[in-house]
Amino acid sequence: MFDDLRELYQEVILDHGRAPRHGHRLAVFDTTAKGDNPMCGDRVQVWVRLDEMKRIAQTGFEARGCAISVASADLMAEAVAGRTSTEAKRLFADFATMVRTGNCPDCDAAMESLRVFAGVHEFPSRVKCATLPWHALTAALDGGQEVADD
Amino acid sequence: MSIATSIKRPTAMLDVEAVRADFPILSQTVRGKKLVFLDSAASAQKPRTVIAAMSTTMETQYANVHRGLHWMSERTTDAYEGARDAAARLLNARAREEIVFVRNSTEAINLVAHSYGRGVMKPGQAVVISEMEHHSNIIPWQMLRDAHGTEMRVAKVTDAGELDQESLATHLADGKVGLVAITHMSNVLGTYTPAQRIAAMAHAAGAKVLFDGSQAAVHRVVDVQALDADFYVFTGHKLYGPTGIGVLWGRAELLEAMPPFMGGGEMISSVSFEHSTWAQVPHKFEAGTPAIVEGIGLAAAIAYVEAIGFEAISAHEAALTEHAIASLSAIPGVRILGRAQDRGGVVSFTLKGAHAHDVATLLDRQGIAVRAGHHCAEPLMHRFGVESTARASFGMYTTKSEIDALAEALERVREFFA
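From first to last, the protein sequence lines stand for chains G and D.
1 is the number of the first residue of the first sequence in our numbering; add one for each residue after it.
1 is the number of the first residue of the second sequence in our numbering; add one for each residue after it.
Since the hints were derived computationally from the structure, they do not count as laboratory data.
Sample of chain G residues facing chain D (criterion: CB under 7 Å; computed from the structure):
| no. | residue |
| --- | --- |
| 1 | Phe-2 |
| 2 | Leu-5 |
| 3 | Cys-40 |
| 4 | Gly-41 |
| 5 | Arg-64 |
| 6 | Cys-66 |
| 7 | Ala-67 |
For glycine and all other residues, C-beta sits at the position ideal for the given N, C-alpha and C.
Construct all of the structure, not just a fragment, from the sequences and the given hints.
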């Protein structure tokens, strides 16, 4: 029945959507920002702690949203660990291309854990679910403010 | 009390297959499956007569209205003004001049908030809304509050999803309320509000009353005189008509006392650079070239609904709603919001372990269209402690087997996320 939906709702996504590992605010953090998609009501707040080299040491989030957005936030938190702000934003650019088109010609190994979201491109109304946490992360890295998605 | 007690015994049966044959879109397939359209509360599909009225107008008798001294303009004006007669008949208005054409319910409420709220009400007076309003009946009053110093009060909704009349009475008690603006049927809970009672309470407290009939006017007879309403608004596209046309009904004496909303052509009597005077009601509120083709489409939609008859429509939809509540309630993990005694064909629900957007995507893959999200009623979502819901809503063309399809599909969604 839902064979095509397995492309969207991969086991990894269902798992992280159900039981996110990083779905909590950080007690100690350097920056935070909220992301808001007013059309669908999804909301996410991201907290980031940086190390002494200004690399992302830890990311936590609180999300109000669907399985796609929660899983995206959770896998994002893992994927950006140890990266600089510039590297994280570069990863977001590639991620955004992938969820919009299904392809990611320039992606390197950093994208590996995020490839489960490639199926999102077949569901145009759900692309924003996947990108919202990244918008919030970007805003946090840029100094922290509220952003509305796209 | 069960839902069944609120259902009137059908005296006129609705032939749903005949109705469906009038709606070309219902024969479409989606993702290779028969379309099951359960999102009529967002916007209803259009019968062939509406589509034909609009295209025939553009193909055979179209010109601008109210100004041309030629055959085409006169014919188009007649057809367009016929929509005013149709709307007046639909609402049982005292006079056709009490019908003001607007783009939609949102614009109608904004018109009242501006022209009555700022033009007639005094700063310091209050407007009472309820917790179950659509954003379109919240934001205009917030804007009025911020611009004009009008207080905005919010009457509570009970756990059953009904208007808390004690709360309304409390808000009315100090006599400062100038207007009560409340939905006639919730777009989330399906609840009908006791409009007649609300109007009586408002009037006893010296306030006027506006009903947002965006949902109600689609499903049951609305008689503004019997309700003793002061303003009533609805939108064409939910009533099987086109987008871009809606109606504000207001008592003539109120409309006459109100200043215009927007300025421009059509709404004037005379214009000079020093001073201009306004046209008579309703044209005073209808600046610019109106939605001519859409107005003619609305007239066709009203005629269509009247031909089917609200008695038959109400009975059909009440049976569907009862069936939907019973079917969905039987699914483990499904929670239906609101248990109002008097309710219409809108059923909002949550499914344990699955976000409404995920539910909607999985239903869509099975050819079933529902709405998911906050339904432009965020405060109501908070009131019921949910972030969002999925919503199935019914129209006169909805069938019992479509509800069964929803229930079966929802079972599969539940298994998917289990």
